[in-house]
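Visitor: In case you want the letters, here they are:
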Amino acid sequence: MRYLAIVLIWFWAGLATAQEWEDRKVFNPGAATKLNIISSTDTTIFAPLIEDFLADRPSVSVEYWVTSTADIDQRLRATPEAFDVAISSAMDLQLKLTNDGYALRLSGVEHPAWAEWRQSLFAFTAEPATIVINRAAFSGQDVPQTRQALIEALRARPEVFRGRVGTYDVRQSGLGYLFATQDARASETFWRLMEVMGGLDLRLYCCSGDMIDDLTSGEIAVAYNVLGSYAAARIESRDVLEVIPPADFPTTMMRTAFVLRGTAEPDIAKAFVAHLLSLQSGDAAPVSQLPMLTTKDGTAARDTIHLEPALMTFLDALKRRKFLSAWEDAAIQD
Amino acid sequence: MSTEASVSGSLRRRLALTLIGGAAVLAVLMFVAVRNYAVQVAQRGQDSILAASVTSMLDTASLHDDAVEVDLPYAAFAMLSTPADDRIFYAIFRDGAFLSGDADVVLDPDARSIPQFQSARVRQTAVRQVSASRTLIGADTRTDIQIVLAQTQDALSETLRQISRNAAFLGLGFFALAAGLSFWATSLTIRPLDRLTNSVTVRGPQDLRPFTKPVPDEMAPLVTSLNSLMTRLDQSLSQSEDFIAEAAHRVRTPLATVRSYAETTLQRVDKEENREAMRAMVRAIDESSRAAGQLLDHAMITFRADHLEREDLDLVALTTDLVTRLTPIAEMRDVSLSVLAQGKVRYSGDPILIQNAIRNLMDNALKYAPAESDVVIAVRSEPHIQIEVVDQGPGYPANQIDVLTSRFQRGENAGDTIGSGLGLTIAQDVARAHGGDLQLSNKAEGGACAILQLS
Amino acid sequence: MKFLLVEDNSELATAITSRMRIDGHVIDHAVNLQDATAFVETEEYDLILLDIMLPDGDGRDFLKRNRAGDLNTPVIVLTARSQVSDRIGSLDMGADDYITKPFDHAELEARCRAVLRRKSGTAKTRVELGGMIFDPVAGHLIVGDTTVTLRNRELRLLELLIAAPGRVFSKQKLADRLFSYDEDVSDNAIEVYVGRLRKHLDKSDLKITTLRGLGYRLDYEH
Chain A
1 MRYLAIVLIW
11 FWAGLATAQE
21 WEDRKVFNPG
31 AATKLNIISS
41 TDTTIFAPLI
51 EDFLADRPSV
61 SVEYWVTSTA
71 DIDQRLRATP
81 EAFDVAISSA
91 MDLQLKLTND
101 GYALRLSGVE
111 HPAWAEWRQS
121 LFAFTAEPAT
131 IVINRAAFSG
141 QDVPQTRQAL
151 IEALRARPEV
161 FRGRVGTYDV
171 RQSGLGYLFA
181 TQDARASETF
191 WRLMEVMGGL
201 DLRLYCCSGD
211 MIDDLTSGEI
221 AVAYNVLGSY
231 AAARIESRDV
241 LEVIPPADFP
251 TTMMRTAFVL
261 RGTAEPDIAK
271 AFVAHLLSLQ
281 SGDAAPVSQL
291 PMLTTKDGTA
301 ARDTIHLEPA
311 LMTFLDALKR
321 RKFLSAWEDA
331 AIQD
Chain B
1 MSTEASVSGS
11 LRRRLALTLI
21 GGAAVLAVLM
31 FVAVRNYAVQ
41 VAQRGQDSIL
51 AASVTSMLDT
61 ASLHDDAVEV
71 DLPYAAFAML
81 STPADDRIFY
91 AIFRDGAFLS
101 GDADVVLDPD
111 ARSIPQFQSA
121 RVRQTAVRQV
131 SASRTLIGAD
141 TRTDIQIVLA
151 QTQDALSETL
161 RQISRNAAFL
171 GLGFFALAAG
181 LSFWATSLTI
191 RPLDRLTNSV
201 TVRGPQDLRP
211 FTKPVPDEMA
221 PLVTSLNSLM
231 TRLDQSLSQS
241 EDFIAEAAHR
251 VRTPLATVRS
261 YAETTLQRVD
271 KEENREAMRA
281 MVRAIDESSR
291 AAGQLLDHAM
301 ITFRADHLER
311 EDLDLVALTT
321 DLVTRLTPIA
331 EMRDVSLSVL
341 AQGKVRYSGD
351 PILIQNAIRN
361 LMDNALKYAP
371 AESDVVIAVR
381 SEPHIQIEVV
391 DQGPGYPANQ
401 IDVLTSRFQR
411 GENAGDTIGS
421 GLGLTIAQDV
431 ARAHGGDLQL
441 SNKAEGGACA
451 ILQLS
Chain C
1 MKFLLVEDNS
11 ELATAITSRM
21 RIDGHVIDHA
31 VNLQDATAFV
41 ETEEYDLILL
51 DIMLPDGDGR
61 DFLKRNRAGD
71 LNTPVIVLTA
81 RSQVSDRIGS
91 LDMGADDYIT
101 KPFDHAELEA
111 RCRAVLRRKS
121 GTAKTRVELG
131 GMIFDPVAGH
141 LIVGDTTVTL
151 RNRELRLLEL
161 LIAAPGRVFS
171 KQKLADRLFS
181 YDEDVSDNAI
191 EVYVGRLRKH
201 LDKSDLKITT
211 LRGLGYRLDY
221 EH
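Chains as they are written, first to last, in our numbering: chain A, 1 to 334; chain B, 1 to 455; chain C, 1 to 222.
One should not assume that every hint holds.
[Claimed, not checked] Below, simulated DSBU-like cross-link-like pairs (lysine-lysine); rule was C-alpha separation at most 35 angstroms, straight line:
| hint | chain 1 | residue 1 | chain 2 | residue 2 |
| --- | --- | --- | --- | --- |
| 1 | C | 171 | C | 203 |
| 2 | B | 367 | C | 2 |
| 3 | B | 367 | C | 199 |
| 4 | B | 271 | C | 119 |
| 5 | B | 367 | C | 207 |
| 6 | C | 171 | B | 271 |
| 7 | B | 271 | C | 173 |
| 8 | B | 367 | C | 173 |
| 9 | A | 96 | A | 270 |
| 10 | B | 344 | C | 207 |
| 11 | C | 124 | C | 2 |
| 12 | B | 271 | C | 199 |
| 13 | C | 2 | B | 271 |
| 14 | B | 344 | C | 64 |
| 15 | C | 119 | C | 173 |
| 16 | C | 64 | B | 213 |
| 17 | B | 367 | C | 119 |
| 18 | A | 96 | A | 322 |
| 19 | B | 271 | C | 207 |
| 20 | B | 367 | C | 171 |
[Claimed, not checked] Derived, one-sided and incomplete: chain B residues facing chain C with beta-carbon distance under 10 angstroms:
| hint | residue |
| --- | --- |
| 21 | 95 |
| 22 | 254 |
| 23 | 256 |
| 24 | 261 |
| 25 | 263 |
| 26 | 278 |
| 27 | 279 |
| 28 | 283 |
| 29 | 285 |
| 30 | 289 |
| 31 | 306 |
| 32 | 310 |
| 33 | 327 |
| 34 | 330 |
| 35 | 333 |
[Said to hold, decoys possible] Residues from chain C that face chain B, not an exhaustive set, calculated with beta carbons under 7 angstroms:
| hint | residue |
| --- | --- |
| 36 | 10 |
| 37 | 21 |
| 38 | 106 |
| 39 | 110 |
| 40 | 152 |
Derived by calculation from the structure, the hints in this document are not laboratory data.
Virtual Cβ for every residue (Gly too), placed ideally from N, Cα, C.
Construct all of the structure, not just a fragment, from the sequences and the given hints.
Guide: Given below as C-alpha cells:
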C-alpha cells in the first residue's frame, strides 16, 4: 500500500513536470528590453507590483510566467537561462536553488540579514498561514482561534464537517509541504489535527485559490494553512469567509525573489528585486494586496520562517519520503 | 695638517639599521606565524562543526525491512549557518551507491567511521568536505551508510581576512615599537662612547691624565690604548719641555757668567776704549738673551693660543701682581708704575698668555718712558674688557703704527733700546686668541697708548 | 749685607761673588743643596740667592722644606728657564722674587732692596755719618729733623759715594752704575743727580766735591 503511494507520488511528480503554465502575461509589450519572471504568485495579485515597476521604465517589458512552486524548481534546474527573476513562496526550494548556485549575488542591495541569504535571495513579503472558515458553518458556535480549538470543534460536530475540511496536498504543493514541515517541527498538535482531519474525509488541494473558491461556495467549511493574503483578497467583496491567524503559534512564509545567474539583463533584474524590497507595508498607499515585508521593526524577524540552510533538511529525498509517508498515514484514511 | 677624522659609516646608524632590520624580519615572521596559526584554528573550527553535523546525520540512519532511513535532523544544517551564508552540499550513500542529496558530491572511497576532512570542489566551488560512515546491522543484513558533507568557506575567508588585517596591524605595531626601542637601545649603547668623546673634548690641551671613569667592557681596549698614547705623549711633551728648559739653562748660565764678569771688569777698568767694549759686550748679551727668551715665549704663546685654556681671572689682581713684579725695574729708571682700576674685572682666559702680553706692553712702556715719568696701566670692563698701557715717551712713529705688530718689526725711533721686536707681536697674538685685538695709538699730549682688548 | 749664593756653576758663582764684593757685600757660596742647608743652619743671612737646577735636587724643594721650618730669610730665585712657566711655581714655593739669568746687577740690587723693604721695611744696618742717617732699603735720608725719600737714582748714587768716602768716581763709572747699558746718557745727567743730592745733604756735614776732569768725591767735614 505504502509502496503504491510512493509510486503514485513519483507518477504525479512526472505529470507536474509536463504541466502547462497556469498563466502567462506580457506587460508593456514591444519594449526593447524584456524581463522574464517565473513566479508562483497569481497574476492578478502580482500585476500591480510589475506595473508599478514599469511605470517609469517605458523601455522595459515583462513577461510574467505563473506555475507551481515545485514546477518552478524543476524548470529552473532544467533551463535556468530562460528566466531572469524567480519568485516563489516555497522558501525551501528557493534557498536550495540559491545554495546550488542558480542565484546571482546582488551587491549594493540593502536588506536585513534574516531576510536575505548570500546577498542573492531576498524576502519581500510576510504571509502567515491561516485557518479560513465559512461563517455559515460556525453560526451559533465559537470560532476556533487555535489549532487545538479547531481539533475540538471538528471532533464535536463530525457530521457537519465530514467531507468539508480542506488543506494543501503537500505532495503536490511546495508551499503546502513547507507549511506542513514547519508545523510538524513546531508542535505535535499538527499531527493530531491531521489525524482528525484525515478522519473527516479530508479534501486536498493543489493551490490556495481552489480552496478559497470551495470555501466561498460552501463546498467546504474549514480550510487549514491557507495563505491569509489570498483569502483577504476575496474577503473584501464577500462576507462569508473569516480568516483566523492561529493564536497558538504562527507559521509565516516569506515570498522570496532572486535573479538568475545567467540573466541577460542583470541591471534591470536587480532593479526589479530592489523595487520589490522597497515596497514595504505601512507605506501610505499600498501598491498591492500582498502583505509586503516591513524591515523597519523586528517583529517580522521573530515570526517568520528563517532563511537558513536548515530549510533544505526536509528537501532531502529520504527525509521527504519519511515525512510524506507519515503525513499520508494521518491525512488519507480510506 | 687636518684634524678631521676620515669617516666610514656610522656605528649608531649601523646598529640602528641592524636592529630595525631584525625587527622587520621578526614582524614579518610574526605576521606569517599568527596568520598560519589562525588559518589552522579557523579550519579546525569549521572541521569540528562539519564533523558534529555529519555525526548527527549518521546518528539518524536506521534500517527498516532492509530499507535505509535517514531522518536528517533540522539541527544538522542549522548548525552550519554562518554570517556569510555559506553553501552546503551533501550526499548520502549506501555501500557506495547514491541515495540522496546532491549528485555532484563525490564519495570518498576511504570514508570511515572517523570523519575524514579534505578540500574539494563541488559545483565548481571550492569546499571543505567531511566524509564519515556508519555500519548498520539489520536482522540478516549488514550495510554501510556513508555521508559526505561539504561547505563553502566564505565566512572562513572573511574571518581570515580580518585576522590577517589584525595580524598585519600587530606586525606593524610590533615593528614600530621595536624600531623605537632600537633607537633607544642604540643611543643607550652609544652613550658611553659619546661620554668618552665628550670628556676627551672638554679636556684642556695640557691635561694628559689617563681616563679612569668606568667604561663598558668592549670599550676598555680603546681607553687603554688612549691612556697609553696619552702617557707616551705626556712623556714626550715633558721631555721636550725639559729639553727646552735644559737648553735655556745651558745657554743662559754662561751668558750670565760672562755678563757678570763684564760688569765686574767695567768697574775696574778705567780706559774709556776698554769700557766701551765691555758695555757693547753687555748689550750684546742682553740682546741675545732677551731675543732667545722672547722667541721661546712666542713659540709657547703660539702653542697655547691654538689650544686656549680658559680659566676665571681677575684682571685687576693679575695686573697688580705684574706691576709689583716690575716695580724694581721701573724704580731703577725712576719711572713710576700705577694701576688704574675699580673693583675686580672678571674675565675667562689663559692667565699665562694674558700676563705675558701685558708684561710685554709694560716692558715696552718702561723702555721708552723718560726718567721721572709715569706709566699708567688701566684695567677697564666698559665698554670692552681691555687693558690700557700709557707712557709719556716719544710715542709710536705715526707712519708705522700699522706694521709695528708684525714679527721682528721695531720702531724707527727704538734707537739703542734693547728689544727683539716680538713684544707687540706676542701681545697681538694673545689678544686675537681671546677674540680681541691690540690697538696702538699716540696720545695727543704725547706718549704711546697700547690697548689690549679682550672679548 | 750678607748674602748666601746657592749656585752649582762655579764660573757664574765666582763672577757674581766678585761683582757683589765690589759693592761691599759679604757673600757665601754653596755649590749644592746639602752645602746650602749647612750654611743656613749655621749662619744668618740677609738674603739668599737660589739657583733652581742644582746637582742634588730642585732649588724649589729646598725652599719648600725651609719655609716649612723656621727660615724667614728672603729668597730670590735665579732661574734660567722661561720667565713665564717657572714664575708661579717658585713664588708658590715661598720665594720672594725671582730674576732670570743673565741679569743686570742693578736689577738684582733693586729686587733685593724691594724684597727687603717688603719683609722688614728698613735696613738692619743704617748708615749714620756726618749728621745724617741713610736707610738704603727704605730709601730714607734723615738730616736733622727732615726726612727725605730719595729717588732711586739719587739713592744709588748716595750708596755708591757713601761706600767709599773720599774716593773719586769718574762720571763714566757713575753713569754705568746709575743707568742701564741701553740708555743714552748725557754728561749732564750725572750732574743733575749730583746737584739734587747736594741739596739734600745741604744741612749735613757731608759734601760732594766736583773734581774737574776727574769726577766726584764725597767729603766729610768736621
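Visitor: Against chain C, run the beta carbon of residue 256 of chain B and see if the smallest gap drops under 10 angstroms.
Guide: Status holds, d = 4 angstroms.
Visitor: Is the Cα-Cα distance between residue 271 of chain B and residue 119 of chain C 35 angstroms or less?
Guide: Violated - the C-alpha atoms of residue 119 of chain C and residue 271 of chain B are around 41 angstroms apart, more than 35 angstroms.
Visitor: Given residue 289 of chain B was flagged as interface, is its beta-carbon under 10 angstroms from a beta-carbon of chain C?
Guide: 5 angstroms, holds
Visitor: Would you check the hint for residue 367 of chain B and residue 199 of chain C, treating anything up to 35 angstroms between C-alpha atoms as holding?
Guide: Holds. Residue 367 of chain B to residue 199 of chain C sits at ~29 angstroms (cutoff 35 angstroms).
Visitor: Using 10 angstroms as the Cβ threshold, decide whether residue 263 of chain B counts as touching chain C.
Guide: 5 angstroms, holds
Visitor: Would you check whether residue 333 of chain B satisfies its interface hint, that is, whether its CB is within less than 10 angstroms of any CB in chain C?
Guide: 8 angstroms, holds
Visitor: Taken at face value, is the distance from the CA of residue 207 of chain C to the CA of residue 271 of chain B at most 35 angstroms?
Guide: Given that 35 angstroms is the threshold and the Cα spacing comes to 27 angstroms, the pair holds.
Visitor: May I ask you to test the interface hint for residue 279 of chain B with respect to chain C, counting a Cβ-Cβ separation under 10 angstroms as satisfied?
Guide: 5 angstroms, holds
Visitor: Can the restraint linking residue 344 of chain B and residue 207 of chain C be considered satisfied, given a maximum Cα separation of 35 angstroms?
Guide: Cα-Cα ~50 angstroms, so violated.
Visitor: Under the criterion of a CB-CB separation shorter than 10 angstroms, is residue 278 of chain B in contact with chain C as hinted?
Guide: With Cβ-Cβ at 9 angstroms, under 10 angstroms, it holds.
Visitor: Given the hinted pair residue 367 of chain B and residue 207 of chain C, is their alpha-carbon gap at most 35 angstroms?
Guide: 33 angstroms, holds
Visitor: Assess, step by step, whether the Cα of residue 96 of chain A is no farther than 35 angstroms from the Cα of residue 270 of chain A, and give holds or violated.
Guide: 20 angstroms, holds
Figure legend: structure checked against the earlier numbered hints; hints not met, in rising order: 4, 10, 21, 31, 32, 36 and 37.
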